[in-house]
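*Asks:* Given only the sequences and the hints, what does the whole structure look like? Please build it.
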Amino acid sequence: MLLVALAAVADAAGNHALARDGVLAALPFASVAALVTFGEAIDKRARFAGAQSLCYGLIVGLLVLTCALRSGSTRGVPPLAVSSLLAVVGLFALKAALAIVPRWRRLGVLSPAKP
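Under numbering that gives the first Met the number 0, the first residue of the sequence shown carries the number 0, and numbering increases by one thereafter.
For the record, the hints were derived by calculation from the structure and aren't laboratory data. Keep in mind that the hints are not guaranteed to be accurate.
Beta-carbon label-pair distances, calculated as ranges [unchecked claim]:
id, residue 1, residue 2, range
1, Ser-72, Ala-24, 14 to 24 Å
2, Ala-96, Ser-30, 14 to 24 Å
3, Ala-12, Arg-46, 20 to 30 Å
4, Arg-44, Pro-77, 36 to 46 Å
5, Ala-11, Asp-42, 34 to 44 Å
6, Asp-20, Ala-92, 30 to 40 Å
7, Pro-101, Ser-30, 21 to 31 Å
8, Pro-77, Pro-101, 30 to 40 Å
9, Ala-11, Thr-73, 16 to 26 Å
10, Pro-77, Ala-24, 34 to 44 Å
11, Gly-49, Met-0, 36 to 46 Å
Glycine included, each C-beta is placed from N, C-alpha and C at the ideal position.
*Replies:* In structure tokens form, the structure reads like this:
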């Protein structure tokens, strides 16, 4: 996620070469994370494991798309490459929300100790 955030910031700053390198470096990590999350979804059958796995699958697909668009570009960066990178950032935000939901409900059960 750090490499994707770096790529998004570099893209916003106009350093498209650094953004391309960041996306390219993030792709193997996202692929391994997608495989691990898919295995956990099959093994544990946790509440949001399938959604987490689907998010990682979409993240890998969008990273491949933005890498392909950026590598074929001769001038500047195509708008679809920037849009797919922003979609990846949004999917990471969705994954964070899905990770917090089970813990959030547990916090509601807690009550202060009686004196």
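*Asks:* Determine for every hint whether it applies to the structure shown.
*Replies:* Against the structure, the hints:
1. As the Cβ distance of Ser-72 to Ala-24 is approximately 18 Å, the hint placing it in 14 to 24 Å holds.
2. For Ala-96 paired with Ser-30, a C-beta distance near 22 Å keeps the hint of 14 to 24 Å intact.
3. The beta-carbon spacing between Ala-12 and Arg-46, approximately 39 Å, falls outside the hinted interval of 20 to 30 Å.
4. In this structure, Arg-44 and Pro-77 meet the distance hint of 36 to 46 Å, their C-beta atoms being roughly 40 Å apart.
5. For Ala-11 and Asp-42, the Cβ-Cβ distance of about 39 Å falls inside the hinted range of 34 to 44 Å, so the restraint holds.
6. Checked against the hint of 30 to 40 Å, the C-beta distance between Asp-20 and Ala-92 comes to roughly 23 Å, which is inconsistent with it.
7. The hint said 21 to 31 Å for the Cβ distance between Pro-101 and Ser-30, and at roughly 25 Å that hint holds.
8. Separation of Pro-77 from Pro-101 is about 38 Å and conforms to the stated range, judged on CB atoms against 30 to 40 Å.
9. Distance hint check: the CB atoms of Ala-11 and Thr-73 are about 22 Å apart, consistent with the given range 16 to 26 Å.
10. The given range of 34 to 44 Å is broken by Pro-77 and Ala-24, whose C-beta atoms sit roughly 20 Å from each other.
11. Distance hint check for Gly-49 and Met-0: the Cβ-Cβ separation is about 20 Å, which falls outside the suggested range of 36 to 46 Å.
When the structure is compared with the earlier hints, violations turn up for hints 3, 6, 10 and 11 and for no others.
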